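Student: Sequence:
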Amino acid sequence: RAEVRGEDPGRLVDILIVGAIIEARSCERFAALAPYLDDKLADFYNSLLKSEARHYQDYLHLAREAQGSPVDERVAEFLAIEQKLIETPDSEFRFHSGPVTK
Numbered sequence: 036r037a038e039v040r041g042e043d044p045g046r047l048v049d050i051l052i053v054g055a056i057i058e059a060r061s062c063e064r065f066a067a068l069a070p071y072l073d074d075k076l077a078d079f080y081n082s083l084l085k086s087e088a089r090h091y092q093d094y095l096h097l098a099r100e101a102q103g104s105p106v107d108e109r110v111a112e113f114l115a116i117e118q119k120l121i122e123t124p125d126s127e128f129r130f131h132s133g134p135v136t137k
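Counting with this note's numbering, you get residues 36 to 137 for the letters of the sequence shown.
Calculated directly from the structure, the hints in this document are not laboratory data.
From a predicted model like this one, the values you see are computed outputs, not experimental measurements.
When the alpha-carbon atoms are kept at most 25 Å apart in a straight line, the in silico DMTMM-like pairs for lysine to aspartate or glutamate are as follows: (1) Lys-85 / Glu-58; (2) Lys-85 / Asp-73; (3) Lys-85 / Glu-63; (4) Lys-119 / Glu-108; (5) Lys-85 / Glu-100; (6) Lys-75 / Glu-87; (7) Lys-85 / Asp-74; (8) Lys-75 / Glu-63; (9) Lys-75 / Glu-58; (10) Lys-119 / Glu-87; (11) Lys-119 / Glu-58; (12) Lys-119 / Asp-107; (13) Lys-85 / Glu-117; (14) Lys-85 / Asp-107; (15) Lys-119 / Glu-63; (16) Lys-119 / Glu-38.
Label pairs and their calculated CB-CB ranges: (17) Lys-85 / Val-39: 23 to 29 Å; (18) Pro-44 / Glu-117: 17 to 23 Å; (19) Asp-107 / Lys-75: 35 to 41 Å; (20) Gly-41 / Phe-79: 38 to 44 Å; (21) Asp-93 / Gly-45: 15 to 21 Å; (22) Tyr-71 / Ile-121: 19 to 25 Å; (23) Ala-111 / Ala-66: 21 to 27 Å; (24) Gln-92 / Ala-67: 17 to 23 Å.
Heads up, the beta-carbon is just placed ideally off N, CA and C, and yes, glycines get one too.
Hey, can you work out the whole structure from these sequences and the hints?
Tutor: Take a look at the structure:
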């Protein structure tokens, strides 16, 4: 969240891009799991994958509209941030929005 700009329209664009990346990662997970499930559950996961893919596309479309220009550079910046977060040890377990509280 620290990398999201503080004022609109940049803030809105960044939030939409982060949302798109989260949806894309969900697609990856559903696609990876579906082949190992029984047919009924695999069909359900594949339907979720299609839904998440639409959300991904919608978020990027809305980000481009809010920006008024392509957002590819900003997407690349957030993907680099994501990569660093994945590769760097973290002392706290986090799930989407922050630390899990007990």
